[in-house]
Amino acid sequence: MSVIAVLIICSLLVASGFLIAFLWAVRSGQYEDKYTPSVRILFDDDVNETNDKLNNDFDKLNSEKS
Amino acid sequence: MLKQEILQNEKIICYHCGDDCPSDSIRIEDKYFCCEGCKLVYEILEENQLCKYYSIEDKPGLKSNAFFHKEKYSYLDDTELVKQLLDFSEGEIARVSFVIPSMHCSSCIWLLENLHKIDPAFVSSRVDFLNKTLTLTFNKNNISLRQVVELLASIGYEPEIKYDLIEKKRKVDVNKKLYYKIGIAGFAFGNIMLLSFPEYLAIDESSLGLKGIFGWLSIIISLPLFFYSGSDYLISAYKGLRRRMINIDVPLALGIIFLFFRSVYEIAFQVGAGYLDSLAGLLFFMNLGRLFQNKTFETLNFERDYKSFFPLAVSVKVKGIESTLPISRLKNGDKIVIRNNELIPADAVLYLGEASIDYSFVTGESLPVKKNPGEIIYAGGRQIGSAVELEVIKEVSQSYLTRLWNENKIKREEEHGVSMLANKISRYFTPAILFIALVAALYWMQYDIRTAVNVFTAVLIIACPCALALSTPFTMGNAIRILGKNKFYLKNTAIVEKLNKIDTVVFDKTGTITQSGEFEISFVGTELSSNEKELVKSLVKNSTHPLSLKISEYLGECSSTLNISNFSEIPGEGTQAVIDNKRIKAGSSSFVASNGFVNETRGDFNTKVYVSIDGTQKGYFLIKNSYREGLDLLISELKKDKEIHLITGDNEGEKENLIKYFPDEGKLNFRQTPVDKLSYINQLNESSKKVLMFGDGLNDAGALANSYVGVTISESSSYFSPACDGILDASRFSQLVKFLKFAKTSNNIVIISFIISLMYNVIGISVAVQGLLSPIFAAILMPVSSVSVVLFATLSTSFIAKRRGLL
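Same order as they appear, the protein sequences are chains B and V.
My numbering puts the first residue of the first sequence at 1, with every later residue one more than the last.
My numbering puts the first residue of the second sequence at 1, with every later residue one more than the last.
Same shape as in the complex, but just chain V (with noise of 0.2 Å):
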């Protein structure tokens, strides 16, 4: 044990990285380095007096791919797609942003914001780090694009220059315009309660003169809050009445409307002190409401499709000469060259290499498939291997990918932050109070006109919904906070309500429900005796194949070095050498056997390595992909109240597996194309179910589109993700039915502040139609109820969550 831990400590860490160093033969005086990548990175860093960044965290690198192809960023030589790609040019000055995923800690910060000290012809740098973005300013004449992007790679921050770059608007913030629209209404908030104190504390009329400048006063400082602040909720309001539909807010313009109108006759004709400060509080609550609503979670986007994933360039192959050339000028008939873990971005022929395809971008296997010469590759994969050379036979927006992409998906309605209760509420809440306005008004019409006009007024600002407006969105906010504490990232916080009505839960198989990468591996046939296992265990780990290292995973430790000899690996087929005098044979069944394996059983449809010792037959290797922890529990909590489907693009291999989890194997529907996946689920819409979809590859993006929720299932939030209103961490797939749960209840935790609210509503208007509103009863009222909502909502969110671990 002792001898174990001092074996420990002399472990060999890599000073840039931190990985353990497979030997010492790497190493700068007394520092080691696991590979050359982590050695270069450092040597760059020492060259120029960077070495702080090993001295603000601890082993801050990441193993770096510093070598890259010579060639591999040659087309940001291309002048018209630089300008593209730059935020900005003048002279020679000019400046870009690129997302650095591999920004991870505070040293890279350091770095990336020093990178002038590495070449002077950075003017400034800047690191955004929630956002992993890096905007540099350089000077053009002393270094190129190219050469930039070439340096970032280098030390081990290659920045992503992927196909949507360049069609990517700098996003105008929308934050900013609310930020300035809470400052307004806080000042206005603030100033306006001081000038009316002589109100609030009853001062004689002495000082009437002084009252008058404080009502002017007032009056100038709610112009911009009244037309600036409260603009959004008047353009809603209208724009909803021309859609011929009461949203929320509706009775809130009409409330701000008036209370505005009613202060300026009040003030200009000197009948009262007007209800100012009223409104300035309920606008400041209000647009605090929508900042507190407007979470967002800045690293991961919801709204990616294809080309966010699909390389800006692609090296192109003319009369022997190889180019780049960027992919949306890609025609029918070019030669395309592809290397390791690149992306295929257009459909092609293969015809020249042997082809190893990772379709897991596409349909979440990541066992990659054989192509041979000829055969067709379709966008999206990526090739595992040596190079291969292909030619385009559609341009990229011709697609399947991207035409299946592009069509199939429909534009819903930008529900954004919009509750729908709220909204329902609202329907019945105007005409309610617009009736009891108007009854209250006729009654007092019979005693005096003027009464009459001023309790209607009254009803219509008292029963503002304010505090009704503010339940969601704290509620929720507070919600989807708190679910992405727990890796369940939510687009807005109309999903948390959407999540409450679903009925129907929609799996996709491969990625999903199994683990991507990790597979189960079993043995059938003949025990292999621990000799065989060793030879097995020689043969496959000479093989770079997947499959073999899974089975030299599954095999364990290899005890003694055999003799090894003839080793030969056929691609698609199998491998084979000759081990100790025995001739050992791995892969399909017609390469082990040439007639035939003895117990092959038609029909089944599991991944199999079968295997041969000296021409005799042993069995073979199932491959299973295992399951995600929890599934069984969280299949047999979700089915208690839910309708549960399946839909995948395999085939029937594993229907006996999935029965044992899904309860009815009519809803277990395989070999579906992306085109079947999407109309399954149309037509659950069409039967009026709430289809809550879990999906992974972009083969379930139109699907995910078009389910009422849509679900995306990430090993890491920079994977893959299509478009989505939700992403949920792997490691939390579990806790689904507690997340589902949470959203329950947060919805009746809005319902109950609607509840209070009403109730304030009722106290006001009870008030109003008495004649006997006061400015000062306003001003105490709406603030108090807006803020006993908003500390309830956010209070009892939290309360529950903790209670429930979430917190």
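Pulled out of the complex, with its shape left as it was, chain B reads as follows (with noise of 0.2 Å):
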């Protein structure tokens, strides 16, 4: 019987890192606007990468902030 408390422990794990990662999404306004991404993706990718990288450090610097 113990196997079903394993099998319990890491099922709860899974579903914990599950919700996690959706309140993550949630976190970082994936959620906020659900239409202009499903255009951007669509464009052939020659952004260049520092400035999403700048992005980002940017991005965190912010939520450190508030």
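Relax, there's no trap hidden among the hints.
Between beta-carbon pairs, the in silico distance windows are:
1. B:SER11 <-> V:LEU291: 24 to 30 Å
2. B:TYR31 <-> V:PRO101: 23 to 29 Å
3. V:ARG339 <-> B:SER28: 42 to 48 Å
4. V:GLY212 <-> B:TYR31: 37 to 43 Å
5. B:SER11 <-> V:GLU47: 57 to 63 Å
6. B:TRP24 <-> V:PRO120: 29 to 35 Å
In silico PhoX-like links for lysine-lysine, alpha-carbon gap of 25 Å or less:
7. B:LYS34 <-> V:LYS177
8. B:LYS34 <-> V:LYS487
9. B:LYS34 <-> V:LYS295
Keep in mind the hints are simulated off the structure, nothing from the lab.
All C-beta atoms, glycine included, are put in the ideal place defined by N, C-alpha and C.
Each of the two chains sits in its own frame; use the hints to bring them together as a complex.
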């Protein structure tokens, strides 16, 4: 029966992982704009990467501030 | 026919905006442009290798006004103002977000997100298409805010910088919290169900140890569930009780509390398995319902006030030198300069120039009014024509319009999304449930006190009106989606319920039942010969007055070019010229004939343009607003069971026409000031009428805010709409009766779902009073009742909408 206990704990861990992923997705604003990304993904990718990186760093800086 | 088609194909289309080009003179290589503005935008994009813009969507540009007055944005040099506008600023990095109304396609998104190719000072740019917002991060040292705005304006994406921008705080997204709550409730729902499987399958006592662990795990999982996902209901119930009101959340909160504590008790003392699975399912569905109900129309704003339309700054002349000043700092006596198409932000006296003021923003009337130096011009008017200079006589906050807005706006209690019907039922429902629970408990008391307590809590648990509380959000949420698809946008679901109770309909005239910018023109007097028509046509074609344009349109194409000389136009009077040696005059009666027009009828207030040829009085063009299509049908449908009123700021000129449409002459009210309109609505309210008001301009704002339901008619959603409960697209005006009927049906669907959910309650309670409520019974009954009610509510509204052609 102790197998079940282990399995339960595993399943809870996996489920919590998904919960955390969901909460992170909401927090990072993925549920705020549900339309634009669908258009953006169709553009050919020539945006240079340094910009994205800068952007991320900047967002981090921001969230630390708030 | 064939020839025509060929001609069509040969038509030159602007490479930028897709409009027809008047000539082929503006071109770059093989690309033609309709105007210099479009060409300029193309050149900027070309230079920066952004021509991909033209390949994502066909002809993505909007006819742009890329040339703007050089000092237009000079107010953005004001450091204090800039500080207020920026969302964030630290070191050399700053961030700002703008609403850009002209954003309309995926090319726009691409271009605006690639701004860094034009100027590397942009660190990032991000578009939220539905909200038409652009968030820009830029390097302050390399580009100023003014330059940012000027760059955007030069490529045809002028940001909207209005007075309220500096006051607007970034809205905390309520939805985000709701998503968290749903996530947690969903997580708890799934996992507690999993942990309850031994209970569902009645696995034998030998696994009791495991059951204990499962129980405690369930409690741990349900802690955030109860205290976070359920907090809104508990708080709302508490608030309701403190105001001595039993709202729908009271029985819900009762159910939630008893579910939680009884389960904890049962698990802790190992007397049972508890009902935590039911609790999780319940909260999951309830929060989902709230998400469904929170349908908002992103691009619409129902809370706009005058500040959303006033400019942020205005040109001021001090000792002959022009500079810009934020309008909040405008003082009495300041001299301001208003250019073509600019809004007058404060009450002012005209002292230089010829003003032609379009008050459509305020009254809905789009024909400009002439003003001469010395006259007062109220805030909210838009100057059409050359620049004028005015002297401010009242500060912005003291202006007629602003005061009207601020003083008369009675803060209505925010009923956001709270269902009145559900609350009403709850008032009887809650005492009834408590009564049943008590009686059942008293009955069991004779036998066993433990069973009595169990029965008491069981009744409260199973009676938790989850399905009842879900029927309104899902029905009404679906209803506002369907109405929104039909371009009738409602602020929230409570409005659908309110629409159902309407017994009085009040219309504003100009811009509401008449089409703004559309006129019916007829000629009264001696019939004009075709030659005379040509003469008049040639005259009005040369004038820029809007009435001339309308008459020119009415007279149609001019076939021959006539010799025109001595053309002159006297503002506010008329226009004259010598054409083919004949002296033609058109304008006001005193202008056309100095000693009055012969058949001039006094007391007639219609707009007329008189015409004379060589001193012979010919007659006049009668210009009337044209009524919206389907008005007669709409009124005759509405008057069957509703009172109909009309309040207008206009004179009685149209009275005879209106009587044809409106049944009761006594309910037609003319010459009403905005304050009159407001008090008229208040009077109706006092005689306990439920008023549905239709209006459009800012002069209706007070009346709209005070009516039971205020709806704005809008020609386009970016156009002005005062604060209101709903926005109706003008093209759907004739379908209004259909919409009202649909609101009524939706309400009936809610009532039917109430009955269904009450039936579930009866079943549940009858089991509970017998002391037979088992966790598995609750775990089945509660989700089943919720899901079936939700399905019924959404499917039946969609079905009915489809049958009525609304979907």
